[in-house]
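K.L.:
In case you want the letters, here they are:
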Amino acid sequence: MANTVAHTNPLDKVDHLEKLMPHESIINEEGEHVVLPQHRHHFETEEQQREAGSFGMWLFLLTEIMFFGGMFFAYLLYRNWYYPAFVVSSNQLNVGMGAANTAILITSGFFMALGVWAAEVRKKNLLVLMLILTTVFGCAFLGVKYFEYKEKYELHHIPGSSFSTAMFTNPGAYHLKEEPLAPDMAEKTQIFFFLYFAMTGMHALHMIIGIVLLFWLTWRAHKGAFSSGYVAPIENFGLYWHFVDIVWLFLFPLLYLINRHPVH
Amino acid sequence: MSTQISNTIVLLPDQATAKLPKRNYINNEHGLLSWLLTGDHKRIAMLYLISITFFFFIGGAFAGLIRLELLTPAPDLVSSDTYNKFFTMHGIIMIFLFLVPSVPATLGNFFIPIMIGAKDLAFPKINLLSWYLYLIGGTLTLTALVLGGVDTGWTFTTPLSTHYLNTHVITAASAIFIAGFSSIFTGLNFIVTIHRMRAPGMTWFRMPLFCWSNYAASILMVLGTPVLAIAIVLVALERLVGIGVFDPAKGGDPLLFQHLFWFYSHPAVYIMILPGMGVISEVISTFSRKRVFGYTAVAFSSVAIALFGFFVWAHHMFIMGVSNYSALVFSLLTMLVAVPSAIKIFNWAFTLQKGSITFETPMLYAFGFMGLFTIGGLTGVFLGSLGMDIHLTETYFIVAHFHFVMVGGMLMAFLAGIHFWWPKMTGRMYPESLSKLAAVTTFIGFNLTFLPQFILGYLGMPRRYHAYPQEYQVLNVLSTAGATVLGVGYMLPLLYLGWSLKYGAIAGDNPWQATGLEWQIQSPPLTENFVTIPIVDYEAYDYEWLEKKQREEVTTVG
Numbered sequence: 000m001a002n003t004v005a006h007t008n009p010l011d012k013v014d015h016l017e018k019l020m021p022h023e024s025i026i027n028e029e030g031e032h033v034v035l036p037q038h039r040h041h042f043e044t045e046e047q048q049r050e051a052g053s054f055g056m057w058l059f060l061l062t063e064i065m066f067f068g069g070m071f072f073a074y075l076l077y078r079n080w081y082y083p084a085f086v087v088s089s090n091q092l093n094v095g096m097g098a099a100n101t102a103i104l105i106t107s108g109f110f111m112a113l114g115v116w117a118a119e120v121r122k123k124n125l126l127v128l129m130l131i132l133t134t135v136f137g138c139a140f141l142g143v144k145y146f147e148y149k150e151k152y153e154l155h156h157i158p159g160s161s162f163s164t165a166m167f168t169n170p171g172a173y174h175l176k177e178e179p180l181a182p183d184m185a186e187k188t189q190i191f192f193f194l195y196f197a198m199t200g201m202h203a204l205h206m207i208i209g210i211v212l213l214f215w216l217t218w219r220a221h222k223g224a225f226s227s228g229y230v231a232p233i234e235n236f237g238l239y240w241h242f243v244d245i246v247w248l249f250l251f252p253l254l255y256l257i258n259r260h261p262v263h
Numbered sequence: 000m001s002t003q004i005s006n007t008i009v010l011l012p013d014q015a016t017a018k019l020p021k022r023n024y025i026n027n028e029h030g031l032l033s034w035l036l037t038g039d040h041k042r043i044a045m046l047y048l049i050s051i052t053f054f055f056f057i058g059g060a061f062a063g064l065i066r067l068e069l070l071t072p073a074p075d076l077v078s079s080d081t082y083n084k085f086f087t088m089h090g091i092i093m094i095f096l097f098l099v100p101s102v103p104a105t106l107g108n109f110f111i112p113i114m115i116g117a118k119d120l121a122f123p124k125i126n127l128l129s130w131y132l133y134l135i136g137g138t139l140t141l142t143a144l145v146l147g148g149v150d151t152g153w154t155f156t157t158p159l160s161t162h163y164l165n166t167h168v169i170t171a172a173s174a175i176f177i178a179g180f181s182s183i184f185t186g187l188n189f190i191v192t193i194h195r196m197r198a199p200g201m202t203w204f205r206m207p208l209f210c211w212s213n214y215a216a217s218i219l220m221v222l223g224t225p226v227l228a229i230a231i232v233l234v235a236l237e238r239l240v241g242i243g244v245f246d247p248a249k250g251g252d253p254l255l256f257q258h259l260f261w262f263y264s265h266p267a268v269y270i271m272i273l274p275g276m277g278v279i280s281e282v283i284s285t286f287s288r289k290r291v292f293g294y295t296a297v298a299f300s301s302v303a304i305a306l307f308g309f310f311v312w313a314h315h316m317f318i319m320g321v322s323n324y325s326a327l328v329f330s331l332l333t334m335l336v337a338v339p340s341a342i343k344i345f346n347w348a349f350t351l352q353k354g355s356i357t358f359e360t361p362m363l364y365a366f367g368f369m370g371l372f373t374i375g376g377l378t379g380v381f382l383g384s385l386g387m388d389i390h391l392t393e394t395y396f397i398v399a400h401f402h403f404v405m406v407g408g409m410l411m412a413f414l415a416g417i418h419f420w421w422p423k424m425t426g427r428m429y430p431e432s433l434s435k436l437a438a439v440t441t442f443i444g445f446n447l448t449f450l451p452q453f454i455l456g457y458l459g460m461p462r463r464y465h466a467y468p469q470e471y472q473v474l475n476v477l478s479t480a481g482a483t484v485l486g487v488g489y490m491l492p493l494l495y496l497g498w499s500l501k502y503g504a505i506a507g508d509n510p511w512q513a514t515g516l517e518w519q520i521q522s523p524p525l526t527e528n529f530v531t532i533p534i535v536d537y538e539a540y541d542y543e544w545l546e547k548k549q550r551e552e553v554t555t556v557g
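Residue numbers (numbering that gives the first Met the number 0), protein chains in the order written: chain A, 0 to 263; chain B, 0 to 557.
Fair warning: there could be bad hints in the mix.
[What the hints assert, rightly or not] The calculated EDC-like cross-link candidates involving lysine to aspartate or glutamate, where the alpha carbons are at most 20 Å apart (straight line), are:
1. B:249 to A:186
2. B:501 to B:431
3. B:249 to A:183
4. B:124 to A:234
5. B:124 to A:50
6. A:151 to A:186
It should be emphasised that the hints constitute simulated quantities derived from the structure, not laboratory data.
Here chain A stands alone, though its shape is the one from the complex (with noise of 0.2 Å):
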């Protein structure tokens, strides 16, 4: 008997396995089975694809913690050492322009929030509104990013040949209210701003790549891909785009608040 199925199309048996384990089985007016374009063969239900979807999303995000982790790490151990050093440097970072960009990227998050809500009510319009207003938003942030790395540039604080430590060492010719460095403990104010651009460098290059994974999701979405019932790849970006939300919000307290006095 399994001889005569052995030899049958593999598509067949995609069907034929339904049959078997309904499970989770879309039946149609006629009663007829129904496969899904979005089903991939080797799952058995379309439940536990999206379960499978998910999880694996879950997991990968889990990798990224360990990835920023390692820098999270270096930070931690650094600002033990150096603790003058990255006050002061901290103190020049521009806290208006990182909680301007807190606030986008919470709005951002939100309308994305909306946007998963929108792919499960399958309002397509709605949808890709909302992946629109997402990658606005998106975009925002990484211009106001823009001008504070070019602030940076202007007051030779990105690490390198062109890095000055004139400001910490002799803070009042720049009519700074802080304390002048020791030059050996200024050198580490680069450190300071290594960090800082690595681990902001490190969450803009995860912007730029969820942004342009928004955009092939948004012209998916205008097409129509999500409006079925199958929102599997909205609600993985989604995870994905508030991972990185996730990470600016514990990279703004660290780097931009924790060492912040009242300037006198």
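Given chain A, work out where chain B should sit, using these hints.
P.N.:
Coordinates of chain B only, in the frame set by chain A:
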């Protein structure tokens, strides 16, 4: 009927009349593109097998060159710089391009879905992506090699790698970064597959132990590899931008690099060995016709090794100025890892006890594994002890120790697995007597190569030097002679396995009369593995049941 699985555990078709099935995953589609763009986990496993074999022989060639230089005390074959490049390339290729992907990406890829009754891994496209990432990583490594090599050692020790060397560190670092993502994706795929794709009735404790150990290794891949990635990114940035996160002159700390690097690279040792232990569980159980003794203990010991493996990394840094207290804690934790490893060895030994042992090739390799891994593991305890470590570290003792674990352990397990599942993967048997000869040759060659190195290290010969005092020559000559025998032992399988692809005897579905799900389907399997998804209502390795069934059948006929 060959692919039908009912409630009976195993089918034992007549092997003499076996024929190659008309349709299987190999001839299902034709053309190069059907392989290069495949989503089939079995085809990707074969692609991996070909590529890791290629890199194994390149890495092996470097090992040969190293041994050739060490034949004489004088630095006569190559200059010290070239020698540094030899052992660096040997290490990078063998670790990142062979050992890490060896069992998981080939045998794991091929058999995990089949063993748990699934049609494929959860993410076939990501699986293919991981092979391409591996290839890119491999190509970059070869690029670094062709451009002139790297001489940092595979550990990329800072500040040597960031300030003092002007070789192709960044190329090699990006190679490892990319190959690392290949391994992350493999691990991620396995974890999701094992969690979500098991067939009805396939509970966690009915899974073959091969799945358990690959699962444990996958946890390490997913959690450890990203830390290596970021450490390597920081090294590359330090070289490019010249900023001192790891540079003491600028306030950085080279020890931080060691922490980040070994946080991955110690667990990586378990990434390499755990899947091998899974192979040994399968082989030992099959060829002693017994259920693995203490199944649950063996399953949990894999997870325990993965867990403890994350908390021992600083034992690589005992002589690098970590505090005495952390050295003490890490020394204790290191000895703790010996416990789950010993659980495995003892349980395999008890599996053998009163088993109906037969000595097929995979079993010979498995015996080799048990002996050599035990030696490798116990010498690891020497190195975990603080006082001994100061004497032994950075000598040939440590080289011998990890080669016993990696080559004596993992490579033996890999070859055991390749021989064990070769009939399933290709549908053909390998030549039995020739392969037994290869197994014995490997074992002899291995011991001849690495046992003298324990003595050399104990006597004080440092590693990574291309010249040494006269009195070490006898042992080094023995070691080089052993390496030659070992080389022959590795060439043989390449030749006869290649030969068997065309001329090997037809294997049939279940040549070992084993109980695993993978043996109940045709060899080579169909693209979709199972015609109907099996329903599992029995434990793994139920050989007692099988024996009883066979006995009763004979009585009935009589």
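K.L.:
Failing hints, ascending?
P.N.:
Per hint list: zero violations.
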